[in-house]
Amino acid sequence: MNLAAATNENLANISNVLIYSSMAVYTLAFFAHIAEWVFGSRSKVGRTAAALTAEGGATAKSAPEVTVRSGGSTAVLDKPKIITRSAAGTRDVPDGPGAAGGTEKGDLYGRIAVSLTTLAFLVQAGGVVARALSVQRAPWGNMYEFSITFSTVVVGVYLAFLAAKKNVRWAGLPLVTTVLLDLGIATTWLYTDSDQLVPALDSYWLWIHVSTAIFCGAVFYLGAVGTVLYLFRDGYEANLARGGKPGAFASSVLERLPSAASLDKFAYRVNAAVFPLWTFTIIAGAIWAGDAWGRYWGWDPKEVWSFITWVAYACYLHARATAGWKGRKAAYLALFAFGCWLWNYYGVNIFLSGKHSYAGV
Amino acid sequence: MSKTETTDEAAAAAETDEQELGEAGAQLSTAPQERAVPGSFGGVMQPGAAGRIAWAWRETTGWARWFWRQLTSMRVALILLFLLSLGAIPGSLVPQTGVDETKVDEFRRAHETLAPIYDDLGLFNVYSSVWFSAIYILLFVSLIGCIVPRTWQFVGQLRSRPPGAPGRLTRLPAYTTWRTETDPEQVREAALAMLKQRRFRSHIAGDAVAAEKGYLREAGNLIFHIALIVMLVSFATGQLFKSEGGKLIVEGGGFANTLTQYDDFKSGSLFDRDHDLAPFSFKLDKFVGTYERSGPQRGTPRTYEAHVTYAEGADGAEKKTKIEVNRPLEVDGSKVYLIGHGYAPVVTVRDGRGEEIFKGAVPLLPMDSNVTSSGAIKVMDGYRDKDGKKDQLGFQAFFVPTFAGAGKGTMLSQYPGLDFPVLALNAFHGSLGVNAGLPQNVYQLDKRKMKAFKDAQGADLKQRLLPGETMKLPGGAGSITFEKGVKEWATFQISQQPGNVPALVGAIAAIAGLAGSLFIQRRRIWVRAVRGEDGVTVVEMAGLGRSESSKLPEELADLAATLNSQAPTAPDPAEPVEGVRA
Ligand code: HEM
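Protein sequence lines, in the order shown, are assigned to chains A and B.
For reference, each letter of the first sequence is one residue, going 255 to 615 in the working numbering.
For reference, each letter of the second sequence is one residue, going 1332 to 1913 in the working numbering.
What the hints contain is simulated information worked out from the structure, not anything from laboratory work.
Every clue listed holds true.
Covered, in the sense of this in silico footprint (three residues per stretch, anywhere, with C-beta under 8 Å from a C-beta of chain B), are these stretches of chain A:
1. 528-539
2. 550-563
Computed Cβ-Cβ distance ranges for the label pairs, DEER-style:
3. 275/A with 1443/B: 49 to 57 Å
4. 1836/B with 335/A: 46 to 54 Å
5. 1836/B with 432/A: 37 to 45 Å
Derived, one-sided and incomplete: chain B residues facing chain A with beta-carbon distance under 7 Å:
6. 1506
7. 1656
8. 1657
9. 1668
10. 1824
11. 1845
12. 1895
Think of the CB as a built atom: it goes at the ideal place given N, C-alpha and C, for glycine as much as any other residue.
Let the sequences and hints guide you as you build the complete structure.
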């Protein structure tokens, strides 16, 4: 009856090799992104400054023309053009050109970086799958396994956005950096040999609850990256609008990011889209706790912090839905909420003990 | 402070914009408007008592109304939500009575000055403390105060039609225009038909078609907030009517669901102890536990099952099943959870005359993850010493399922499975103190009126027994045998909690409503068609969404392309026309 014997050592080793290999490829992607930013810095675009200063400061109401293609029927020669106007009270600033800054060389490196990231993602996903096969269960039994799955999903979501032709390449460098960090922590401090689950974790709710939790975390993380960059970019735009002169590095880097309004919108959409799923995750967790421990909600530290995270994100959404708390204040709330998520993920497991402690951290 | 200036300017610009949009942007959501109610409510006080009373009345109702508006404002809702998240934090950092009482005791002992302060602040039971309750009760009052008017408003919106087109459509976030030879009436009819076909609520108002879609957003939002209340109420009632009790059962033993059979029992204040317990019974046939044999996880449980036979009702048919950690048994609306497990060595005690006076399994309490266990064996009745005098016997028992081996220097168990069971006993006689009528801990020996048996050297008698071995009490006082075949016991929690179904329904409604609220865009489209001075029709289309929509321009483009195919662009691109009325 000893299931541990079934643990396939070989597959576990393959998984480890794949994870290390993906780290190597991510490192290459990291350097490619750096190259992209470096080459991109040679272009002097200065679109933001132009937009903010040309027509008399922030209140200038330029109406950028956006032609929206529809249906792809080219038969109609003179199609009506849609003119969009940003919401009242926001700066009309065009998005930056991206890390490559419109330079060919930068763009080449950027595309190399994305290709490498894709490759690393596939290798890493292979590592996660091998781990799952080696233990013959969902690969979410301990923190090492959470961490490797988490960063795989983050990169997966990012690549999915790219594949859907969303403008998210600006997130490439911060993302790859943190994925490397996450994998580094996972392999050095959190590593646990592959093994069976303790009985309390052995339930189909594990698949439902933990997979959605990891997915939500990944998306919240992307939102947080957007929020942080929004704060920088917003400061930069405000500075320009005041007629200030940002430093060379700041202007070179921040200039190339999307406009503050776009980043803010991105962060909001991403957070709002995943909030219902996070609600579901908590409810699924409560149902599982009801089966496993005989109570739906017991204010266990993990439960407390999931709840706090949920309320904090609800707070952020409320702030966005009402006047007066938009912009930076709402962004701080979003960061607070993500901070709660992060603490719930690492801090609670490591520093607080509760029923949610797993085999080997 | 040029920064504030720019934001002020921006706000001013936003304001003029809003005025220009006029009614068109109104009521795109039912979010309440923030209204400040300033100053003194009482107004002028008329002379005399009546005047004073009237003034006081105006003053109180004014303040009450003001307070109520504050409480139900979005700003206060936001603050209360934030406080709720902050308020929940201490409960995860300070040990909680409701979660782990022993940890609270440890904390009290370790922090003697801090503990009373924490007590006063309710930090040992944050989630039932006055201040935490105040936050969420205020939040829910605010929520109700917010939902009720919003619901009426929404019903009103459903019964009215989308507002007519604003004067200058160019001011809207998405706009398009073209000139066409088609008659304005025809354009409007075509636009109306197209919008209706796409399930916009639309009508012709003056020279323009007004259309709106996405009411489900508001409905979803209201459903979500109502579902939150449903969930809270069902949890609260569940707490009032729930019952929860524990029972330890040794293999072969049984349990019938009546109050007297519980080891411990808690229930909500509205639970009727005499009538609300569901009549069922079950028997523990066998407990099966297997543990990891090797590796760093050695000793971690792998299987953990209680095989039981149960019967529903007072005398229902018997059924066999197994209860596992994630799979409670559900009978008659009660759930039986497997909570813990331990060993119960079987012992036989004989008295001075060699007569068997006690034989049975004695459950011992586990002390560590390898199930090192301790407890007491108490022989109260029937014992007579060698002189035939009545006495009582007590043994302190210490049990390990897997002994390290003699001389290994440890009496602690090495593994949770039954590999090398050893029972160590200390023997006493005298008064067990059970006759005093005080409740007694069955796992502890009250030795105040007991004397230890002495061995040949005069030391306290103690012995380690292997299964089948017997310890003789000195001076022909009898013996105790550690029988082969150690039994296992399991503890069960039997709980009954009504209100789960409404809570679940509420939860599902909350998620569905939330998805509607966040994924559906509520938006308005206007199509204006008027004959220009040169006799050519000018078509203008504009869209307004509530927020953050990237889809709106795309949708407008799509609609424009469709309408354009029915009212083709006139071949006169002499000068772009921007807003006929501008
Ligand atoms: C119990 C805590 C509450 C939670 C978890 C909660 C959560 C939410 C969420 C997630 C949204 C969607 C935000 C969006 O549309 O972007 C929302 C919207 C809204 N909430 Fe709450 N809420 C709570 C309490 C309240 C209270 C007390 C009020 C009223 C004072 C309120 C009024 C509103 C309104 C008016 C909206 C809609 C805003 C809009 O039109 O988009 N909520 N709420």
